[in-house]
Amino acid sequence: MANGQWFPPDWPDRIRALADGRLTPVTPRRAATVMLLRDTDAGPVVHMLRRRASMAFAGGAYAYPGGGVDPRDDDRLIRWAGPSRAWWADRLGVDEASAQAIVCAAVRETFEETGVLLAGPDDDVVVGDTTGPDWEADRAALVARELSFSAFLDRRGLVLRSDLLGAWARWITPEFEARRYDTWFFVAALPEGQRARNASGEADRTVWIRPAEAAAGYDAGELLMMPPTIATLRSLTACRTAAEALAAAPERDLTPVLARARLVDGEVVLSWPGHDEFTRRIDHERTGRPPASA
1 MANGQWFPPD
11 WPDRIRALAD
21 GRLTPVTPRR
31 AATVMLLRDT
41 DAGPVVHMLR
51 RRASMAFAGG
61 AYAYPGGGVD
71 PRDDDRLIRW
81 AGPSRAWWAD
91 RLGVDEASAQ
101 AIVCAAVRET
111 FEETGVLLAG
121 PDDDVVVGDT
131 TGPDWEADRA
141 ALVARELSFS
151 AFLDRRGLVL
161 RSDLLGAWAR
171 WITPEFEARR
181 YDTWFFVAAL
191 PEGQRARNAS
201 GEADRTVWIR
211 PAEAAAGYDA
221 GELLMMPPTI
231 ATLRSLTACR
241 TAAEALAAAP
251 ERDLTPVLAR
261 ARLVDGEVVL
271 SWPGHDEFTR
281 RIDHERTGRP
291 PASA
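Using the numbering used here, the first residue of the sequence shown is number 1, and each one after it goes up by one.
Source of the hints: derived by calculation from the structure; they are not laboratory data. The beta carbon of each residue, even a glycine, is placed where N, CA and C say it ideally should be. Hints are supplied without guarantee of correctness; some may be wrong.
Across the chosen pairs, the derived CB separations fall in these ranges [stated by the list, open to error]:
{"hint": "1", "residue 1": "135", "residue 2": "250", "range": "30 to 36 Å"}
{"hint": "2", "residue 1": "22", "residue 2": "197", "range": "20 to 26 Å"}
{"hint": "3", "residue 1": "40", "residue 2": "279", "range": "33 to 39 Å"}
{"hint": "4", "residue 1": "193", "residue 2": "219", "range": "20 to 26 Å"}
{"hint": "5", "residue 1": "131", "residue 2": "72", "range": "41 to 47 Å"}
{"hint": "6", "residue 1": "221", "residue 2": "29", "range": "38 to 44 Å"}
{"hint": "7", "residue 1": "275", "residue 2": "251", "range": "36 to 42 Å"}
{"hint": "8", "residue 1": "24", "residue 2": "273", "range": "39 to 45 Å"}
All chains should be built: construct the whole structure from the sequences, respecting the hints.
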C-alpha cells in the first residue's frame with residue numbers, strides 16, 4: 001500500500017526547469033516549528049494539525065505548529081530564561097540575533113496556533129490559562145503581524161522560557177520549491193495548567209497522537225505528511241516521556257537536510273540525504289502522491 005508521503009504536483013516540472021537552468025533558486029526564509037508533547041499513561045503524545053484541503057501548499061497534510069521568523073525579533077532586548085543567546089547561536093549555527101529571532105518564532109508560532117505560551121513572569125514560572133479575551137486579542141494581533149513577539153513579551157512583562165525548548169532537527173526546503181524555508185524543529189512539553197486548542201486558521205483538525213501511531217498512519221497511507229514531519233515523528237518514538245525528549249535534544253544532529261533531485265533517463269529521482277525511505281522516482285504525469293520507492 002502506498003504511504004502518505006506528500007509533495008507538490010508541480011515539483012517534477014520545477015526540477016526539470018532547475019536542471020535546465022530556467023529556474024533560479026530563491027533564498028530560504030528562516031522558520032521554526034515545534035513538536036509540542038504531553039505525557040500520557042501510554043507514553044508521550046504530540047500535537048499535530050491538519051492543514052486545510054484548500055491550502056495552496058500541503059493541503060490535507062499533517063504538520064506541527066510553525067512558521068516564519070519575524071525580523072523584528074532579531075535584536076530587540078527581551079527578558080530571557082534558560083541557555084544564553086550565545087549558547088543558542090552555537091546550537092543553531094547562526095549569530096546571536098538570529099538565534100533569538102528563531103527561538104522567538106518557535107514560541108510565538110506555538111502560541112498563535114495552539115494558544116500555548118512558553119513564557120512566564122520570571123525565570124521559574126510559566127503563565128497559566130491563556131484563553132481569556134485579553135490573551136486572545138494579543139494572539140490575534142500577533143497573527144496579523146500588528147504586534148511583534150518581542151513587543152508582546154515586553155508589554156506583558158514576560159520572560160521567554162528558552163529552557164522549555166530543545167532543538168531537534170533542521171530541514172531546508174528544496175532549491176526547486178517556490179516557497180523555501182530554513183526550518184529548525186524544536187521539542188517542548190505542554191506547561192502545567194495550559195491546554196492546546198486549534199487556534200490556527202490554516203488547520204481544520206488538531207490531534208494529540210502518539211508518534212508511533214502517527215507514523216503507522218503514514219505508513220498505511222492514511223495520514224499525509226511531508227518528509228520532515230514523518231522523519232521527526234519516527235525519531236520521537238524512542239522517547240518514553242516528554243522530559244526524555246527534551247533531555248535528548250542537545251545531542252541531536254542539526255546538520256541541515258536538503259533534498260536533491262536528478263534526472264535519470266528522463267525521470268526525476270528525488271532524495272533526501274540520510275533518509276533513504278523518501279527516495280522517489282516521480283513520473284511527471286502524476287500529481288499528488290508519487291509512485292513506489294525507487
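Hint-by-hint comparison with the structure:
| no. | hint | result |
| --- | --- | --- |
| 1 | 135 to 250: 30 to 36 Å | holds, 31 Å |
| 2 | 22 to 197: 20 to 26 Å | violated, 45 Å |
| 3 | 40 to 279: 33 to 39 Å | holds, 34 Å |
| 4 | 193 to 219: 20 to 26 Å | violated, 36 Å |
| 5 | 131 to 72: 41 to 47 Å | violated, 26 Å |
| 6 | 221 to 29: 38 to 44 Å | violated, 31 Å |
| 7 | 275 to 251: 36 to 42 Å | violated, 19 Å |
| 8 | 24 to 273: 39 to 45 Å | violated, 23 Å |
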